[in-house]
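In the order they appear, the protein sequences are chains F, W, X and U. Residue numbering for the first sequence follows the working numbering, starting at 1459 and increasing by one per position. Residue numbering for the second sequence follows the working numbering, starting at 1459 and increasing by one per position. Residue numbering for the third sequence follows the working numbering, starting at 1459 and increasing by one per position. Residue numbering for the fourth sequence follows the working numbering, starting at 1459 and increasing by one per position.
Hints are supplied without guarantee of correctness; some may be wrong.
The list treats identical chains as one, so a pair stands whether inside a single copy or across any two.
Stated by the list, open to error - When the alpha-carbon atoms are kept at most 25 Å apart in a straight line, the in silico DSS-like pairs for lysine-lysine are as follows:
| # | residue 1 | residue 2 |
| --- | --- | --- |
| 1 | K1610 | K1897 |
| 2 | K1576 | K1610 |
| 3 | K1786 | K1817 |
| 4 | K1610 | K1690 |
| 5 | K1515 | K1786 |
| 6 | K1522 | K1677 |
| 7 | K1690 | K1897 |
| 8 | K1814 | K1786 |
If you are wondering where the hints come from, they were derived from the structure by calculation, not from laboratory data.
There are 4 protein chains.
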Amino acid sequence: MCGIIGVFNHPEASNISYLGLYALQHRGQESGGIISTDGNEFYSHKAMGLVSDIFPKETIDRLKGNLAIGHVRYSTTGASLLNNSQPFLINYAHGTLVVAHNGNLVNAEEIKHDLVSKGAIFQSSMDTEVIMHLIAQYPEESLIERIAYALKRVSGAYSLLFMTHDRLITARDPHGIRPLVLGRLGDSWVVASETCVFDLIEAEFVREVEPGEILVISKKGLKSYHPFPPRKPANCIFEHIYFARPDSVLFGDTVYEIRKELGRVLAREHPVEADIVIPVPDSGIPAAIGYAQELNLPWEMGLIRNHYVGRTFIEPSQSIRHFGVKIKLNAVRSVLEGKRVVVIDDSIVRGTTSRKIIKMIRAAGAREIHVRISSPPTDFPCYYGIDTPTRMELIASSHSVEDIRRYITADSLGYVTARALNDAVDANHSFCDACFTGKYPIRFPGIESGQPRQPTLF
Amino acid sequence: MCGIIGVFNHPEASNISYLGLYALQHRGQESGGIISTDGNEFYSHKAMGLVSDIFPKETIDRLKGNLAIGHVRYSTTGASLLNNSQPFLINYAHGTLVVAHNGNLVNAEEIKHDLVSKGAIFQSSMDTEVIMHLIAQYPEESLIERIAYALKRVSGAYSLLFMTHDRLITARDPHGIRPLVLGRLGDSWVVASETCVFDLIEAEFVREVEPGEILVISKKGLKSYHPFPPRKPANCIFEHIYFARPDSVLFGDTVYEIRKELGRVLAREHPVEADIVIPVPDSGIPAAIGYAQELNLPWEMGLIRNHYVGRTFIEPSQSIRHFGVKIKLNAVRSVLEGKRVVVIDDSIVRGTTSRKIIKMIRAAGAREIHVRISSPPTDFPCYYGIDTPTRMELIASSHSVEDIRRYITADSLGYVTARALNDAVDANHSFCDACFTGKYPIRFPGIESGQPRQPTLF
Amino acid sequence: MCGIIGVFNHPEASNISYLGLYALQHRGQESGGIISTDGNEFYSHKAMGLVSDIFPKETIDRLKGNLAIGHVRYSTTGASLLNNSQPFLINYAHGTLVVAHNGNLVNAEEIKHDLVSKGAIFQSSMDTEVIMHLIAQYPEESLIERIAYALKRVSGAYSLLFMTHDRLITARDPHGIRPLVLGRLGDSWVVASETCVFDLIEAEFVREVEPGEILVISKKGLKSYHPFPPRKPANCIFEHIYFARPDSVLFGDTVYEIRKELGRVLAREHPVEADIVIPVPDSGIPAAIGYAQELNLPWEMGLIRNHYVGRTFIEPSQSIRHFGVKIKLNAVRSVLEGKRVVVIDDSIVRGTTSRKIIKMIRAAGAREIHVRISSPPTDFPCYYGIDTPTRMELIASSHSVEDIRRYITADSLGYVTARALNDAVDANHSFCDACFTGKYPIRFPGIESGQPRQPTLF
Amino acid sequence: MCGIIGVFNHPEASNISYLGLYALQHRGQESGGIISTDGNEFYSHKAMGLVSDIFPKETIDRLKGNLAIGHVRYSTTGASLLNNSQPFLINYAHGTLVVAHNGNLVNAEEIKHDLVSKGAIFQSSMDTEVIMHLIAQYPEESLIERIAYALKRVSGAYSLLFMTHDRLITARDPHGIRPLVLGRLGDSWVVASETCVFDLIEAEFVREVEPGEILVISKKGLKSYHPFPPRKPANCIFEHIYFARPDSVLFGDTVYEIRKELGRVLAREHPVEADIVIPVPDSGIPAAIGYAQELNLPWEMGLIRNHYVGRTFIEPSQSIRHFGVKIKLNAVRSVLEGKRVVVIDDSIVRGTTSRKIIKMIRAAGAREIHVRISSPPTDFPCYYGIDTPTRMELIASSHSVEDIRRYITADSLGYVTARALNDAVDANHSFCDACFTGKYPIRFPGIESGQPRQPTLF
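Using the sequences plus the hints, can you model the full thing?
In structure tokens:
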């Protein structure tokens, strides 16, 4: 997953971008980058690590200009990590173009195959590079037409920021899968993945960038293009369930409230006699509140999170094993001992973490452990940008709820149903819930919609 | 403040120490160090930064041996920071001695003056160095007698770990101000500042190191000495209120439970008609639970904490100002809008942070804001190891509760009373609450107890 | 300037590459990189800095496989330095291709213009990227034909190493401007910029890669292609005069001997009555020996070089100024005092360094200072890879020898003549001496040979 | 070995110190440090590495004040390297005292034993710490008397710089073993190990700090003390032969000239029929010049030195072995092939390096190899600061010249005789040549002069 920010017409554009990335750090902790321009030169810094570590003041000072875009990224490990970090800068026939991308294309491989067969060279394994090739190849003068052409060729999820020496251009796929919002900060415009950025920099939220919109921000003001035929929106439901920050307003609703409502729904669908409700912190907290409120049960913090978890944890080789979740969470015996405990989590992926958490809670003296998940079983992988494992590894894709309960050693296990999930989220919206239903809104190349296959990623 | 750990007879002593420091990181984020011994050589690594950053695997591998002690430290900035980091190693008449210290001495300056007048040289500004000089100078063969002599000379708070090439010796001041606990891990012994270490490394909690005890751990087993006349215990109440981790068992009670109970007490002392209770995360959470439960009010997470706050935050110079607390916390409008909100925090120091938090909550639409503090007003500085500011800077030392309320712009403000605080904590214990009452349990040199002055620190 | 090395079929290919780069460090101190392959994956490390600093053992260990190429690079500062570092890896229609390049193309801009007009995108400012695009675009299956096509399109100086998952391919421009040599190390093949690499790794020198040759090294052995019409060789004379290491055998001659012979020639052309001959170390040493031997004068080390010159020298801001050459060189008074001194240097570029050296020698008491330069006046810039300044900055391009003498404050000044230079170097060779004569062997696009213009570099 | 510099009354004292250390880098490459004072605070930076790497501009800027001392150090590896780096700062009865030390004490262990038996603690393994204890313990108000007392107690070689908040105090042992010179830079005073510092910073050489002198530099000017009874000087002859920079004026003579004269002496004592003389660079160059001039033979650079030798060279594990000297030096075949070669080196320690060099020269085609050493056989270890190995490892202490010749595989081998060495150096001086003669000028504790034993170093 990734987080993006673009700043137009601000004297400290790179510093605002830095703050924005900092507020979006939860969307990607592996690498970060900012490219700025003073209308003449382009200034770039990309590095592996957390935003607060990789952008010392001297670096920010070096990133001059009123226009900047930034990017944070999480990805599985690969051979040439820094090569794949963004923003991504190219020189092409019409000058310099910079891009930052959140999302994932489903037909990148096909287009790439086509491009390389015609002689294109690729220097990264990012699907974003495919978009840049398409933009560069289209025989039109206008950048907007080139971008529109490129985006018509690709399928998938994308929230995009382009930067030239004097324009900030943002685009969102016709389904609006990943979030993208527009804000105003005095005379400056800011585009970001989530509204929590605006809270931090004290910008005013203006509106979402619309699904299928290409929005050009220049000295002449804002100009909006809608080159695509309208599609049914398919906002990613998993942003609400897990990914986004709870204080963000996403697709029109506060994430926190959706999560709390899912807790209520869960309580109605899977009530249980219990002494206490505890969340798996931090993402499980709002749902735990909703669940507890609905059943009038007390809720407490029975699991304490260590805030200093580093990225490189060294596990002792000989004598201590399987730290796993212990390095992040600890159970509070006095809260749990002798209690019937409801544990609220947002999802179960492979099941191994849940199993360890339950073991820890039971070791702390819990009498009964009832696991409640504030989403339906995750049966299908996401091809639109969330790094879920393949179906093979998703425990829910091949096991019944009872199987999973036994594996994680819970006394009971309940998920929100897909129907209840749909009722819980705003009726005016239409979400992508393919990870629960397998109903993928975007076709894979050569396949009918709704019949996904695992694309071979390059 | 500091955190310490000692490991005896473990094949991966330095790795266990590393894990222990990791669990104690909340006690000091500025620098960390581990010194180990294989019975022959001593191996040392000390550096500025977080434990997970400064101990790469190669470094841990280099710290050989079955015996190790570690230290994490927070301190205000100074000229030669690394010089002051611990553990601290000396060579003296009887070989090598290593020490790690949590606490603060009140007569270090006087003893230091005496020592230097006799020709001693000091290479750091740590009061720990005073103890080492006293140990080295006492004309006795036995290290235990030397340590006992040194500790009889010093006054103040200390939880100490000493290491020779074959022994781990731990000592705690007669008042037991700072915590110190003994655990067992198979055939190994572990001594640490808090029990959360034992949870992580799966050691068994054995008992507290007793106030006034010197405990020697060697191949021959454990041997305990009590060289001091018994004193009335004076466990630091502020460890319970703020400093320790909520999952630790401290002075016989779980921190989490004490905090929750303080919330209940607070509710009884300062009830208010409200719609919602919110904590200032993370330390205010248990008290918020207690407060809400007592008054049967809902509690929610109206403030979201950013978990990626780096140590060096760059504030934009020109256009954005006074980020202060915003970089750490954000208010959730949907939770707060139109509500009468009770905000639970553990203490008010200078008042500036509270003022910013309240401004943020009000900007998010709260109708009324009632601040409740789960401790009495902090009138007096701590001389026993907690880095509170001087009285001059403590807002409560010179302002009435009403003054403070006005300053922080709350609609109402209530503190737990000192009496209620005492009732809330275990009746069997006797705490140091000097920061609230000014009743300092340990005399300053030349002054009567209870009449503190600000010691000149060297 | 750059240095390159390729290693085929060696179990420690990346380590041999590291050693090779280390021996070639004089060809580029700014950045270094190695890419290796085990036939399956490609492993890469590139960084700014000296080879001995940027390749710790763990990094070398990570660069697995029997096949590797390495690159060191010097370049003027630019916006995105690391982006421009080599080796350079692309994915294209036929898999992965890695390249390392020493030299400079003169028609890269024209080809690039053509490529981008057809939609190509460029991610660096290296002319090497042009070659990669041409290779990728040519509609032929065979990589050799693709490479041949690409090299026929480009003009300029290039010694190239290509690597696929199982082949090492090396190519040299038809004029053979930059050096490139082939060596054997047991069952392995090594290709490198200079023979000093073979001395270090104890490889056997086999032969030069021939001008215009494309040499393919694979499991099947060596296969040589000569796709270009034969051209008159034009080996860079400045490699002999300054750039290459004196212990290398270059274009058939030992650099040291050529330099010494130039000293002899210089002595014959510009003898002087003097007490002592001193070189500007280290490049001036062999010419000083030749000069001294020819005139039967003593030669000594009147200038001492500091071997610890770092890349970032901090000049005091207030009181000490214009360190310039003093940080690198110091004059030995006892050698120089009262003497008539001949100072031998290889070239004068801007004249500022010579002026400072002469000032230093005179301050050390020299009675007369006669400067002798072991090459003709540098009138013209190099477009084939040596980072000489533009004509505007070359003092010799706009000033007479007498003007230069006055500027550098020498008592006399003599250069080797172009004719004598030609006589001095092996008669069987034909060199490029365009920097002295302006006779550029390779035409610039659209211009007749011998009428150079300053190409606009992108 | 170490290098030291002190700067008094200069607005950029730390920057001048940095430049001084840079010029003294040959005296110690392992660690460096500077401590400065503005009369109030002390500012310190010490780190492992080369001066040009460990003092970035920000660090120099942080080291404020008009008064500073610096230190570079070479030492064999140890457990706690940074702990042992200098300058060394203590707080004692009379404030703060900083010291930098070049040399080695012979009775430090005895005094340390005495000090620790009285209760002193040691935090490093530096003998300098002994001096600081003695200064702190002496019951006198005056710092000069304290220093005099301490220096009367210790025996050995020391060139010392002390710094208080307002004074720079320098002292040299009564034998004047290590060099120490005083210079003037405008209104500032500079004290340094060698005069090459003055050349760089453009200071004027005033005089040597005299053997046995304590020189106090304060706002009141210079004040000199001579608390010791006069001793026969014993300047270290090995500074001239190997250690000092050739451009330094040492003990009244230019190092370069002494070395050249030793070459002449060597030629007279061990002439040989040969075609060419080559030095082992760089220390052997002046002696090679002298040797060649005396016999009227040509001298050339038959061995080329790689200037980019890093401190951490990674030797390939499997296939290439015993790089040793090859990574630093390469032989030039064209210079050596078929020749009778005289190789001039300054000394032979273990013999292993010489053996490798000769092997390399022979492999380059030399017909005969005659090794000439510009000093007598190194029979005895140095206890006064030069890190020669113990007698056990010194090949000359247990082998005849003929044995050594055979071991290093030379055709002939000649050393300068001790008598000729004495004649060669200035007759007005009296040198310590204990490494050649075993006549140690300073007694070891409890032993008669001239009968050395290996002191146990702590």
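Hint by hint, here is what the structure shows:
| no. | hint | verdict |
| --- | --- | --- |
| 1 | K1610 with K1897 | within (22 Å within a copy, 53 Å between copies) |
| 2 | K1576 with K1610 | both (19 Å within a copy, 20 Å between copies) |
| 3 | K1786 with K1817 | within (14 Å within a copy, 32 Å between copies) |
| 4 | K1610 with K1690 | within (16 Å within a copy, 53 Å between copies) |
| 5 | K1515 with K1786 | between (30 Å within a copy, 19 Å between copies) |
| 6 | K1522 with K1677 | within (18 Å within a copy, 46 Å between copies) |
| 7 | K1690 with K1897 | within (13 Å within a copy, 68 Å between copies) |
| 8 | K1814 with K1786 | within (12 Å within a copy, 30 Å between copies) |
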